[in-house]
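Q: Sequences are here, hints too, so could you generate the full structure?
Here the protein sequences come in this chain order: A and B.
So the number in the numbering used here is just where the residue sits in the first sequence, counting from 1, plus 25.
So the number in the numbering used here is just where the residue sits in the second sequence, counting from 1, plus 169.
If you are wondering where the hints come from, they were derived from the structure by calculation, not from laboratory data.
Glycine is no exception: its CB is placed at the ideal position from the N, C-alpha and C atoms.
Treat the hints with care, as some may be off.
Here are a few chain B residues that sit away from chain A, every Cβ distance over 10 Å (derived from the structure) [unchecked claim]:
| id | residue |
| --- | --- |
| 1 | Asp-246 |
| 2 | Glu-422 |
| 3 | Val-551 |
List of simulated lysine-lysine pairs, DSS-like, C-alpha gap at most 27 Å [said to hold, decoys possible]:
| id | chain 1 | residue 1 | chain 2 | residue 2 |
| --- | --- | --- | --- | --- |
| 4 | A | Lys-254 | A | Lys-93 |
| 5 | A | Lys-207 | A | Lys-250 |
| 6 | A | Lys-86 | B | Lys-583 |
| 7 | B | Lys-186 | A | Lys-113 |
| 8 | B | Lys-583 | A | Lys-89 |
| 9 | B | Lys-171 | A | Lys-167 |
| 10 | A | Lys-167 | B | Lys-186 |
| 11 | A | Lys-235 | A | Lys-254 |
| 12 | A | Lys-93 | B | Lys-583 |
| 13 | B | Lys-583 | A | Lys-247 |
| 14 | A | Lys-167 | B | Lys-187 |
| 15 | A | Lys-149 | B | Lys-171 |
| 16 | B | Lys-184 | A | Lys-149 |
| 17 | A | Lys-113 | A | Lys-211 |
| 18 | A | Lys-254 | A | Lys-219 |
To give a feel for the contact side, a few chain B residues facing chain A, derived at Cβ under 7 Å [to be verified]:
| id | residue |
| --- | --- |
| 19 | Asp-174 |
| 20 | Glu-277 |
| 21 | Leu-488 |
| 22 | Gln-491 |
| 23 | Asn-492 |
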Amino acid sequence: MRISALIELLDLEKQYMMGKVPVDALCGINVVIEPGEFIAILGPSGSGKSTMLNMIGALDKPTKGVVKIEGVDLTTLNDSELAHIRQKIGFVFQFFNLIPRLNARENVELPMSIQGISRSERRKRAEELLTTVGLADRIDHKPSELSGGERQRVAIARALANNPTFLLLDEPTGNIDSKTAKELMKLIADLNAKTNTTMIMITHDKSIAKFAKRQLHLLDGKIVKEDAK
Amino acid sequence: MKIIDILSFGFNAIKRKKVRNSLAILGVAIGIAAIISLDALGGGFQDMVDMQFQRGFSSNTLIITTRGIDFFLPESDFDMYINDTESIEEIEHVQLATAQIQRACLVEIGNYSFQLNVFGVDYEDYAELYPDTFEAANGTIPTVYDNQTVVIGSGIQNPWDNGTLTGFVGDNLNITWITRNGTLIETKSYNATVDGILDEIGAISIGGPTDSSIMIPIDQAEEFFETSVADLILVQLDTDDEDVINQVAEEIEELFSNQIQVVIPSALLDAISSIIAAIELFLAAVAMISLVVAGVGIMNIMLTTILERTREIGILKSLGMQNISVLLIFLAESLIIGFLGALTGIFLGWILAIALGQFGIGDFIAQSMSGTFVGQLSIDPVITSTLIMNSILFALFVSTIFGLYPAWRASRLKPVDALRYE
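A: Okay, structure coming up:
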């Protein structure tokens, strides 16, 4: 018998209403993701990759099908249980989504504060994480005082704060120049290799996608191609 | 999430929008300041009235007047005469009845002159009626006297309360009375000698001595003012039993065919207290309304805040924050505004109460009641810890009520929609 996969998507469908017109964002997605994988989801805009990521991240509910994380079916959970699931997921967004009035350390502390971890402990861990992503000298800076690449590093440190079971990266290099993007991807690949943290990344950039070990190509809500290194 | 972290997150957010939140805080502060100052002054005023009446009136004294205390009845032109006291003294339980003549005169003492009430009283009877207040601090109240004697209240000697004195015992005091004689204007005046200066009373009184009273013998008043009509008759009873007092009051009214009014001090005290309570209640209602307005202000800024921070709410939810914590974070912000508003309001209200009590309200009330210069009469505001606690609780209550809906809306946002919000 096989050990249950980290993430399982079974016949996943999602329909949106754009005004009065129904739009099929996802039409029958079946994916199994094992622990430690580094997956890139590729596809043009409107292909449904963000929708798929929202489903995996417990941010949205599917119209049909099942999303299982460590064997738990998310479609059966209530708001509070979903919030609990999200505490073990690390999100990295295209637009960083840091809280502007908090400095780098406070932003990294935030998910730990939500979990009720003590001040001294989360402070220590936040500083460690910021050192890991190479921002030891930027700890007290506000997001507005950091470059795009630095902000995304803070976001990665924040995503790692609660020892997540996996990281969801939504176009992490979308707002960063290509040289910095390469460095950032090296950091992500490095984290995957060293800590064995599962990485699921959305991108439309093939040069970025090649850092991943497995690539899923999405088009019109369906997986059309799958590559593996 | 820990309460301390929720509060510090909220406080941090409030600090970011200083102007907007300061205005909301000010809104609450105005309401609380109004409540604090009103309540403190009201309490102080009540204390003052109680003190006044204890000093200025005794419970076994009745005051008979022809001038109506009741404003709604037509005024009688009925006259009481000084020797009416004799027939009043025949009533059972009456120990003493004494008449008083009262005229506004120009009084010159030293280099100063004031328009004051001059009272013609029987010194001996007066001392018996008001043993605590009709007592000389300087000089003596003469028991054997000529027409030139005068006893003055401490406020006449020390009208500004700053050490500048107008005169001393033995000094001359000129009393000028201006009246009509047919079509002519007649001016009469005479010189009196200050024989006694009363101790500071700090109270107002109907009939009794006050700090701004000038007291001359009743015989002299009769002669100088050319009248034997009494303005007041003060009656002392041998009991302070309320039933007996009411009974005697009725008998006196019957004696004068109900053309006079008998004022019972305890009843007057009750009436004034109930008027004060009614005014306080009305003003408190106004203050409450201003707090409700402040609450609407809180709701308004919280709704704006939540709209502006929709994306932040999405981020917090993506980090696994529970709905209840989102609700508490935004509720905490309203509560912090309410709390800071309460603290500011208590401070402002305190200052306002002290300022109004020191410079104005007391003088104003006393002057309107006595109709003359009374010197300074300050109200000491009464600010109790209960009042402070209640104001804080009330501000927190208002901010909870008005902060709950915006916070609830924030907590209900769907994470995916909130994150997508531009």
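Q: Can you give the numbers of the hints that this structure goes against, from lowest to highest?
A: Numbers 7 and 20 - these are the hints that the structure violates, sorted from lowest upward.
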